[in-house]
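Engineer: So you can see what is in the structure, the chains are spelled out below.
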Amino acid sequence: MRSIGTLCRRGTSTILGTLIFVGIMFTAVIPMLLVMKQADTFHEMRKHELELLDNERLREDLHVYVFPTSGSSDLTLRVVNRGDFAAKIVKTWINDASYPEDFIVPPMGVHNKILENYFTPVPNEFYFIKVTTDKGNIFSSESGSIQYISGDIWQGGILKINVLISYPPAGNYKIDIKQVIEMEEFAIPGSPFEIHKTSAGPAFEFYTVTASGTYHVTITKKESDVIYDKPVTIDWPSGPPVVWVFS
Amino acid sequence: MKERERLKERRAISPVISVIMLSVVVLAVGGAIWSFSQGAMTITAEDYVEAMVNMTDTISERFIVENVVYDTTTDILSIWVFNYGDVDIVVDVYAEVDEGESGSRKNYEIPSGAFKTAEINEITLVNSSGKEVAIKIVSRRGNNAFYRYVMP
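First to last, the protein sequences are chains V and P. Using our numbering, you'd call the opening residue of the first sequence number 11 and step up by one each time. Using our numbering, you'd call the opening residue of the second sequence number -3 and step up by one each time.
Hints are computed from structural coordinates only; laboratory data are not their basis. Among these hints, one or two may not hold up.
Facing chain V, from chain P, some residues (calculated, C-beta under 8 Å) [said to hold, decoys possible]:
#1 V15
#2 L23
#3 M37
#4 Y44
#5 M48
#6 I55
#7 R58
#8 N63
#9 V65
Here the structure is a predicted model, which is why all the values come from computation and not from measurement. We put the CB at the ideal spot given by N, CA and C, even for glycine.
Please build the complete structure, drawing on both the sequences and the hints.
Structural biologist: Here is the structure:
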């Protein structure tokens, strides 16, 4: 009789203890671990999103130009997107004043915007324009500062031909720039130029010219073939003072 | 003899009572541990989630110095701070001239996607003209942004 009673007591508390342990596991510990795991997952997801955002930010590649709008004293802002992602412009800076914007430039796309009613130009005053994107990049005008003279006349803008050699192999390249005047070609001072591209990355150089118009650009890999042979036109003041040659 | 019989009779009841009592005690102690565990685990989980959310906010902060200008007529150094991140931020702005004057402004609340201008008037052109100014923006979550500006 005594031994039956002892067994019974031991069995009851074991069962109850096990039930309580299982209950605690299922109602407290496991939910806590699940919530913690969910928080970890959320954190990791956000980290991944931010890595992508930072990567997109680094790869934003905009070229900004400013030139007079023909027939008025306004300026035209041209944004060229050479990046892989669409760029959203949120602000335009004219000297130290900012103006909210809301336009998107698709990859390899161009957006022209007349800066109408943004400001009243003051004669002999210099204006420097830059834009801010929603990803926190600031791109300054490659035209440099532009000076207002009077009426629809603006002065400034460094006329230049930018050459970027990205894809051809490393080596020395000869760049020949000739101004085209009435079907005749005249080499610009210093032409042909030489540029060296390393295997580490692209080669970039800019060449200033004194007048707008058409230029014939030829790029030749030394002791090899011609890799670029096209005319480019600087439209200033009805277009940007800078043209790009990509090869 | 009678006493012994009486005791025998009492012993017969005690196993039932002891089982009931033991069960009650086990249930009471178990219930208390259960309740305590649930509370403790809930608090631990909430604290952990809060810490993770704060950490996520900290790594989500993104801000830059967009523009800096020194107004020579008012002697005010204006610093534009742009918050391009997804979370609202509170920042302190510090400006220090190379081996010269310094100034700061604190508690700028900048909502996500907005910008604020900090105006510092402790830096004078007389003592700082042509010198470099180191600008540091410190957020309350401990992130920094830096900028260098040359005084006119």
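Engineer: Each hint: holds or not?
Structural biologist: Structure-based check of all given hints:
1. V15: 5 Å, holds
2. L23: With Cβ-Cβ at 6 Å, under 8 Å, it holds.
3. M37: Result: holds, 4 Å to nearest chain V Cβ.
4. Y44: The hint holds - Y44/P has a Cβ within 8 Å of chain V, the shortest such distance being about 5 Å.
5. M48: With a minimum Cβ separation of about 4 Å from chain V (threshold 8 Å), the hint on M48/P holds.
6. I55: 6 Å, holds
7. R58: Status holds, d = 6 Å.
8. N63: With a closest approach of 6 Å, the N63/P hint holds.
9. V65: 4 Å, holds
Checked against the numbered hints listed earlier, the structure breaks none of them; every hint is satisfied.
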